[in-house]
Amino acid sequence: MKKKIAIAISTLLLSSSAVAEVHISGFASVVGGKVLDGTGVEEFDLGPSFLADYPLVGVYEEEISFNPDTLFGLQFSADLMDGLSATAQVVSRGANDFSADFEWAYISYEVNDNWTFQGGKKRLPLYYYSDFFDVGYAYTWIRPPADNYTWQVFNYTGVSALYNYLVGEWTVSGQVYYGREDSDDNKLLSEFFFLESTREIWKDIGGIVVQFNREWLDIRLTHMQYTNERYIGDVQQVWDGSTERKGKFYGLSVNIDYENFLLLTELNRLSLQGSDLDTYLVTLGYRIKDFTPYVSYSDFDDGEQGEVHNTTSFGVRWDFHPSAAFKLQYDDVEDNGGPGLKVAGDSQSISFGIDLVF
Amino acid sequence: MNKLLCSILLSFVSLQASAAIAVIVHPSNADNIDKKAIENIYLGKTKSFPGGEQAVPVNMDASQSIKETFDTTVVGKSSSQLKSYWSKKVFTGKGTPPKEVPNAEDMIKLISSNPNMIGYIDSSAVNDTVKVIGEF
Numbered sequence: 001m002k003k004k005i006a007i008a009i010s011t012l013l014l015s016s017s018a019v020a021e022v023h024i025s026g027f028a029s030v031v032g033g034k035v036l037d038g039t040g041v042e043e044f045d046l047g048p049s050f051l052a053d054y055p056l057v058g059v060y061e062e063e064i065s066f067n068p069d070t071l072f073g074l075q076f077s078a079d080l081m082d083g084l085s086a087t088a089q090v091v092s093r094g095a096n097d098f099s100a101d102f103e104w105a106y107i108s109y110e111v112n113d114n115w116t117f118q119g120g121k122k123r124l125p126l127y128y129y130s131d132f133f134d135v136g137y138a139y140t141w142i143r144p145p146a147d148n149y150t151w152q153v154f155n156y157t158g159v160s161a162l163y164n165y166l167v168g169e170w171t172v173s174g175q176v177y178y179g180r181e182d183s184d185d186n187k188l189l190s191e192f193f194f195l196e197s198t199r200e201i202w203k204d205i206g207g208i209v210v211q212f213n214r215e216w217l218d219i220r221l222t223h224m225q226y227t228n229e230r231y232i233g234d235v236q237q238v239w240d241g242s243t244e245r246k247g248k249f250y251g252l253s254v255n256i257d258y259e260n261f262l263l264l265t266e267l268n269r270l271s272l273q274g275s276d277l278d279t280y281l282v283t284l285g286y287r288i289k290d291f292t293p294y295v296s297y298s299d300f301d302d303g304e305q306g307e308v309h310n311t312t313s314f315g316v317r318w319d320f321h322p323s324a325a326f327k328l329q330y331d332d333v334e335d336n337g338g339p340g341l342k343v344a345g346d347s348q349s350i351s352f353g354i355d356l357v358f
Numbered sequence: 359m360n361k362l363l364c365s366i367l368l369s370f371v372s373l374q375a376s377a378a379i380a381v382i383v384h385p386s387n388a389d390n391i392d393k394k395a396i397e398n399i400y401l402g403k404t405k406s407f408p409g410g411e412q413a414v415p416v417n418m419d420a421s422q423s424i425k426e427t428f429d430t431t432v433v434g435k436s437s438s439q440l441k442s443y444w445s446k447k448v449f450t451g452k453g454t455p456p457k458e459v460p461n462a463e464d465m466i467k468l469i470s471s472n473p474n475m476i477g478y479i480d481s482s483a484v485n486d487t488v489k490v491i492g493e494f
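Chains A and B supply the protein sequences, listed in that same order. For what it's worth, the working numbering labels the leading residue of the first sequence as 1, then goes sequentially. For what it's worth, the working numbering labels the leading residue of the second sequence as 359, then goes sequentially.
FYI, nobody ran anything at the bench for these hints, they're computed from the structure. Cβ coordinates follow ideal geometry from the N, Cα and C atoms, glycine included. Any given hint might turn out to be false.
[Claimed, not checked] DMTMM-like mimics (lysine to aspartate or glutamate), calculated; alpha carbons at most 25 Å apart, straight line:
{"#": "1", "chain 1": "B", "residue 1": "447", "chain 2": "B", "residue 2": "411"}
{"#": "2", "chain 1": "B", "residue 1": "457", "chain 2": "B", "residue 2": "419"}
{"#": "3", "chain 1": "B", "residue 1": "425", "chain 2": "A", "residue 2": "82"}
{"#": "4", "chain 1": "A", "residue 1": "289", "chain 2": "B", "residue 2": "397"}
{"#": "5", "chain 1": "B", "residue 1": "446", "chain 2": "A", "residue 2": "259"}
{"#": "6", "chain 1": "B", "residue 1": "435", "chain 2": "A", "residue 2": "82"}
{"#": "7", "chain 1": "B", "residue 1": "447", "chain 2": "A", "residue 2": "21"}
{"#": "8", "chain 1": "B", "residue 1": "467", "chain 2": "A", "residue 2": "82"}
{"#": "9", "chain 1": "B", "residue 1": "393", "chain 2": "B", "residue 2": "419"}
{"#": "10", "chain 1": "B", "residue 1": "403", "chain 2": "A", "residue 2": "257"}
[Claimed, not checked] Short derived list, chain A residues pointing at chain B, Cβ under 8 Å:
{"#": "11", "residue": "27"}
{"#": "12", "residue": "87"}
{"#": "13", "residue": "171"}
Based on the provided sequences and hints, a complete structural model is requested.
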């Protein structure tokens with residue numbers, strides 16, 4: 001314990017410029033884009049559209065727009081010493097008219113070198129990129145492929161335990177978590193799908209993430225369960241005679257970063273009361289000095305005549321600055337949804353932007 | 359004027375001598391720390407030296423060219439790859455990157471006064487208040 005204090009004091013001395021041990025860091029993405037050509041969805045009276053961000057309803061149309069993917073985030077982290085810290089993240093998004101909201105607010109306690117407990121409001125670590133979805137600088141594309149990142153709930157309030165072990169050549173890390181989310185006026189469901197104020201409740205969210213990492217190989221496995229309740233307008237939804245339904249999520253992600261070669265994959269299934277919603281993505285990239293050109297394919301399928309769509313993307317990331325990257329991406333969306341289950345129709349779009357961290 | 363010329367010449371000499379990076383620890387640290395262990399400590403994969411003692415890595419400020427050389431030759435990633443690696447951790451509450459110091463003097467001062475720290479400097483700047491565990 002004494003040693004820990006001594007180290008804490010010396011780290012405090014290191015950042016002598018800070019009066020209190022509060023670290024401010026941040027990230028930003030400024031992205032513009034437009035639909036080059038698209039069918040829209042006639043039955044919904046929707047013109048040519050590219051739904052780039054499902055949960056936040058980030059939609060590009062034929063006029064160039066900077067709103068769907070542009071965001072600014074600030075993180076404040078107070079080191080209370082002895083393993084205890086408090087962190088808050090405020091994010092302002094173009095898709096939300098730049099209103100600044102607390103996306104994360106949690107306390108963290110480092111029990112030992114291997115375990116950390118956290119409690120508060122956090123991102124739901126469902127998919128591989130879910131919990132750093134906002135930090136464009138940390139991944140290759142302009143945004144994680146929209147067909148996979150479709151879920152209306154992306155935050156939760158609860159507790160989690162994070163672990164990290166070095167076992168021989170392997171790093172084994174991950175987390176277990178439990179919590180709930182009550183999203184009143186859920187953006188995606190209210191504004192895009194039901195066009196009526198919708199309250200989406202995910203309760204008893206429980207999940208586990210296990211990640212194996214070794215040099216150029218990274219494997220992530222996850223499972224999550226939750227119980228769903230929903231009110232559209234004031235009317236509680238009933239599924240098969242019940243106001244509740246259970247969702248079970250399974251995810252596997254294998255990523256390879258070998259020499260300059262990049263392979264990113266994700267395979268996910270959500271079983272929601274008997275029906276399976278399957279998503280996957282494959283991305284190939286090749287790093288040539290500061291440039292990383294990539295191709296990507298992502299897919300969403302919940303069965304014949306259901307919601308079915310995919311996106312083929314081409315793009316390039318250019319690390320033109322030590323803390324910033326420029327990206328240019330072309331997306332070709334194919335919407336094969338059944339009657340009443342199309343999302344935004346077919347579209348071809350272009351987007352470009354800068355991601356940075358500070 | 360002569361003085362200026364001298365110092366310019368001297369800086370050339372020291373530039374020439376700056377080929378190697380010395381990874382340094384406190385003289386009391388008797389642990390056997392290989393390149394892989396240094397990499398793991400600097401990537402936050404472990405918080406201990408191989409012998410079990412707590413390890414606190416210290417980085418050179420990004421403005422120092424030695425940082426980039428250390429990143430590529432010892433940690434094995436480009437500076438922007440590392441930036442992206444750490445931004446993923448920082449903004450998800452899974453870790454914080456090593457603290458930074460602006461120059462070799464500060465690095466030596468820190469390492470020589472803390473048995474748990476590990477750092478790196480240009481080989482030519484090494485003195486006997488620190489112990490060199492590897493040169494790269």
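Structure-based check of all given hints:
1. B/447 x B/411: The hint holds at about 23 Å.
2. B/457 x B/419: Distance of about 9 Å is within 25 Å: holds.
3. B/425 x A/82: violated, 29 Å
4. A/289 x B/397: holds, 22 Å
5. B/446 x A/259: The given pair, whose Cα atoms are some 20 Å apart, holds under the 25 Å limit.
6. B/435 x A/82: violated, 31 Å
7. B/447 x A/21: Roughly 19 Å between the alpha carbons, so the hint for residue 447 of chain B and residue 21 of chain A holds.
8. B/467 x A/82: holds, 24 Å
9. B/393 x B/419: holds, 21 Å
10. B/403 x A/257: holds, 17 Å
11. 27: holds, 6 Å
12. 87: For residue 87 of chain A, the interface hint holds, since the closest Cβ of chain B sits about 6 Å away, which is under 8 Å.
13. 171: Check passed: Cβ of residue 171 of chain A comes within 5 Å of chain B, closer than 8 Å.
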